[in-house]
Amino acid sequence: MVAHHFHLQRIKMQVLVRDNNVDQALRILKKKLQREGIFREMRLREAFEKPSIKKAREKAEAVGRQRKLARKQMQRDGLLPSKPKKSR
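Mapped onto the numbering used here, the consecutive letters of the sequence shown carry residue numbers 75 to 162.
If you're looking for bench data, these hints aren't it; they were derived computationally from the structure. The structure presented is a predicted model; accordingly, all values stated were derived computationally and were not measured. Be a bit skeptical, because a hint or two may be false.
Keeping only pairs whose Cα atoms sit at most 25 Å apart, straight-line, the calculated BS3-like set for lysine-lysine is [as the list claims (entries may be wrong)]:
| id | residue 1 | residue 2 |
| --- | --- | --- |
| 1 | 86 | 106 |
| 2 | 142 | 157 |
| 3 | 159 | 133 |
| 4 | 142 | 128 |
| 5 | 142 | 106 |
| 6 | 105 | 160 |
| 7 | 129 | 142 |
| 8 | 124 | 105 |
| 9 | 146 | 160 |
| 10 | 146 | 159 |
| 11 | 159 | 142 |
| 12 | 106 | 124 |
| 13 | 104 | 124 |
| 14 | 104 | 86 |
| 15 | 129 | 105 |
Each pair of labels, with its calculated beta carbon distance range [as the list claims (entries may be wrong)]:
| id | residue 1 | residue 2 | range |
| --- | --- | --- | --- |
| 16 | 153 | 128 | 15 to 23 Å |
| 17 | 151 | 112 | 18 to 26 Å |
| 18 | 91 | 119 | 22 to 30 Å |
| 19 | 161 | 122 | 27 to 35 Å |
| 20 | 151 | 91 | 40 to 48 Å |
| 21 | 93 | 124 | 31 to 39 Å |
| 22 | 147 | 114 | 24 to 32 Å |
| 23 | 150 | 120 | 36 to 44 Å |
| 24 | 93 | 154 | 43 to 51 Å |
| 25 | 119 | 161 | 35 to 43 Å |
Note that beta-carbon positions come from the ideal geometry of N, C-alpha and C, so glycine has one too.
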């Protein structure tokens, strides 16, 4: 049995504040954190998750990703109609 040790890496993120526009800088920072998956990671680490539940969740996520990829591929191949664009 192999033991895996995962270390939480420190992510250095920098956002420039232009013209004292802190609101814009916060929006940019939030977007960057969202893209990196930091919010999701924090939500998952809030409480202990049993290994069996974690395994089931990860498997369900993988199945969902595969279904999404298969659906996109079928749309590209013309086997499924692509979703109609909503007009705003």
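Hint check results:
1. 86 - 106: 11 Å, holds
2. 142 - 157: 13 Å, holds
3. 159 - 133: 31 Å, violated
4. 142 - 128: Distance of about 21 Å is within 25 Å: holds.
5. 142 - 106: 24 Å, holds
6. 105 - 160: 24 Å, holds
7. 129 - 142: 20 Å, holds
8. 124 - 105: Violated, because 30 Å separates the two Cα atoms, which is more than 25 Å.
9. 146 - 160: 18 Å, holds
10. 146 - 159: Measuring from Cα to Cα gives roughly 15 Å; hence the hint holds.
11. 159 - 142: 18 Å, holds
12. 106 - 124: Given that 25 Å is the threshold and the Cα spacing comes to 29 Å, the pair is violated.
13. 104 - 124: 29 Å, violated
14. 104 - 86: 14 Å, holds
15. 129 - 105: 28 Å, violated
16. 153 - 128: 15 to 23 Å: Since residue 153 and residue 128 have Cβ atoms about 35 Å apart, the given range 15 to 23 Å is violated.
17. 151 - 112: 18 to 26 Å: At 36 Å between Cβs, range violated.
18. 91 - 119: 22 to 30 Å: Distance hint for residue 91, residue 119 holds at roughly 29 Å.
19. 161 - 122: 27 to 35 Å: 46 Å Cβ-Cβ, so the 27 to 35 Å window is violated.
20. 151 - 91: 40 to 48 Å: Between residue 151 and residue 91, where Cβ atoms are some 47 Å apart, the hint holds.
21. 93 - 124: 31 to 39 Å: This hint is violated: roughly 49 Å between Cβ atoms.
22. 147 - 114: 24 to 32 Å: Roughly 26 Å apart at Cβ, these two residues keep to the hinted range, so it holds.
23. 150 - 120: 36 to 44 Å: Distance hint for residue 150, residue 120 holds at roughly 38 Å.
24. 93 - 154: 43 to 51 Å: 47 Å, holds
25. 119 - 161: 35 to 43 Å: Holds: the Cβ-Cβ distance is about 41 Å, inside 35 to 43 Å.
Of the numbered hints given earlier, the model fails hints 3, 8, 12, 13, 15, 16, 17, 19 and 21; all others are met.
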